[in-house]
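*Asks:* Given chain X's structure and the hints, the job is docking chain W onto it.
First to last, the sequence lines map onto chains X and W.
Numbering-wise, the working numbering puts 108 at position 108 of the first sequence, and it's gapless, one number per residue.
Numbering-wise, the working numbering puts 1068 at position 68 of the second sequence, and it's gapless, one number per residue.
No lab work stands behind these hints: they were computed from the structure.
Virtual Cβ for every residue (Gly too), placed ideally from N, Cα, C.
Possibly wrong hints are sitting among the right ones.
Calculated pairs, DSBU-like style, for lysine-lysine (alpha carbon to alpha carbon, straight line, at most 35 Å) [to be verified]:
1. W:K1079 - W:K1189
2. X:K2 - W:K1079
3. X:K2 - W:K1296
Here are a few chain X residues that sit away from chain W, every Cβ distance over 10 Å (derived from the structure) [unchecked claim]:
4. V27
5. S131
6. T172
7. L173
8. D213
9. A225
10. Q240
11. N247
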Amino acid sequence: MKNVWVIARNELRRIFVSPLAWSVLAVVQLILGFVFINLLIDYARNAELGGQFSGVAEYIGGALYGFATIILLLVMPLMTMRLFSEERRSGSLTLLLSAPTSLIEIVLGKFLGLVGFMLALIVLLAAMPLSLLPGTGLDLGRIAAGLLGLFLMMLAFGAAGLFVSSLTREPTLAAVVGFGLLLLVWLIQIVSYQDIPFAEVFGYLSLIGHYDDLSRGLFDTSDVAYYLLFTAFFLWLTVQRLDLERN
Amino acid sequence: MEDPHSGQTLIEARGLSRRYGPLTAVSDLNLSLRQGEILGLLGPNGAGKSTTLKMLAGCLAPSTGEIRINGVSLRENPKAAKRQLGYLPEQPPLYPELSVNEYLHFCAGLHGIARANRASAVAQAKNACALNEVAQRNIGNLSKGYQQRVGLAQAILHRPPVVILDEPTIGLDPIQIREIRALIAELGKSHSVILSSHILPEIQAVCGRVMILNGGRMVYNEPVAHESHFTSVAVQLRRPPAASALENLAGVARVEPLAGGRLRLHCADRADPREAIAEAASRQDWGLLELHAERKTLEDIFVELTAGLAEERREAA
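Excised from the complex, chain X in its bound form:
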């Protein structure tokens, strides 16, 4: 298990020495900051809006984090694309494969490094609504539920991206396919509106449906379980994929 930490630390270091991570953080922050200010002005101008919502946390937090899901959908494939594909192309994957570590440790280590980056994003996302704290009361539970939802969704995005990255040696290809895969699982929701058998199953499989409850502050174990299972499934697939390569 020690190896997981060693790999995760190295991965996190490599993520943060690359300009990509900083650019992504900056762009995400810029766009969300823009949205946040916009929402704030809106809320201030139309005081009567307050009546329709239960508070600032719902109006601003809900809308901001709802928008964040779309940004993350666009951005996470960029963060995951290099994880395995670049290592394969540069040959550095050999270092991990010939070291005394198991494939599970390699995959978990890489994923954990990525989780470090996700936490940085979460901190930035939390900072915006929390900056209102000195001026107004906030429903912190609600913000926390929204952030938890975003974090879980990022875990799922990250695991799927990691798997796609293990399939190819071209980072750009990994980004495109990763984005396609996420969008597809996201849009499965549409199918559930059709009048077909198992429509509900499709609705359940969709990535977005489970976020709605959390963003409304409703903590349901089944939603959390969905994201965690989704993550575990793709991590398992990645291990299988690397094992296949060795054989």
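*Replies:* Coordinates of chain W only, in the frame set by chain X:
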């Protein structure tokens, strides 16, 4: 010929084969490496050298066969077996965005060196590979020669009993090649080394034993004789005498004229006629211009084995 350093067997591979779909890259290879031995793996391009080394390093599972590193099966207990290994692949496995120090510290952790010992292990490896000057620089900005040395440092960092090097001097300039060669010879004293190359003098210079692969099969596996015996002597004389006069010299069996007025004197059963030839030449005023033993070089052996088989295969096809 018995190896003078014969110790315990560190790598033992039996019946190793690897297929990629219909293509057989390596077939039925047996290989063993004793402690303190430097084994050179030679072969034309596509002979299966890299595939063999990848399998020994645990990066590729063999289709059939069994590998034991220091008695531990690579299949059943990969972690324990890999702990005994240092591997430098053809393309050094580097992270260009990290500095040499950062990279080596990561490798030290990866190979399970305790935190307290990492700094000293990294310092030792940097000294051995002469990396101290560039320790703070990013690997991506280093020259190919330095990158190769960082790869080598990574392979010996944890002082593994077995070091596997895949074409360690490729892409280096002649001075760097000499340095790396000296380093490998140094390594051979304390580690066992398997080295692949297609540069023949390199193998001859550093290896104690050479194995030639061709078409995925082992075709030669013998110790390198640094002072090999010879069976003929080339001579050039300004005023050559009759062939019979030369044949009468001690140790000369037969005279064969060569192009350019040179002569090949075949030696009689392991005798060394050079001294006798020189003495006779000066005494009888033949005008000795050139006299040297014709040793069979590794290159001769290599060409003989690989070209022969290539023809055989062409005929069979």
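*Asks:* For each hint, tell me whether it holds in the structure or not.
*Replies:* Hints and how they fare:
For the hint linking W:K1079 to W:K1189, the alpha-carbon distance of about 25 Å falls within 35 Å, and the restraint holds. Our distance criterion of 35 Å between C-alpha atoms is met by X:K2 and W:K1079, whose separation comes to about 13 Å. With a CA separation close to 53 Å, the supplied pair X:K2 and W:K1296 exceeds the 35 Å bound. For X:V27, the non-interface assignment is confirmed: its Cβ lies about 20 Å from the closest Cβ of chain W, beyond the 10 Å cut-off.
Every CB of chain W lies more than 10 Å from the CB of X:S131, the least distance being 33 Å, so the non-interface label holds. With 10 Å as the threshold on Cβ separation, the claim that X:T172 sits away from chain W holds: the shortest Cβ distance comes to roughly 18 Å. Residue-level check passed: X:L173 sits 20 Å from the nearest beta carbon of chain W, beyond 10 Å. With a cut of 10 Å on Cβ distances, X:D213 stays outside the contact zone with chain W, its closest approach being about 40 Å.
With a cut of 10 Å on Cβ distances, X:A225 stays outside the contact zone with chain W, its closest approach being about 32 Å. No Cβ of chain W comes within 10 Å of the Cβ of X:Q240; the nearest lies about 14 Å off, and the non-interface call holds. Look at X:N247: its CB is around 5 Å from the nearest CB on chain W, not clear of 10 Å, so calling it non-interface is violated.
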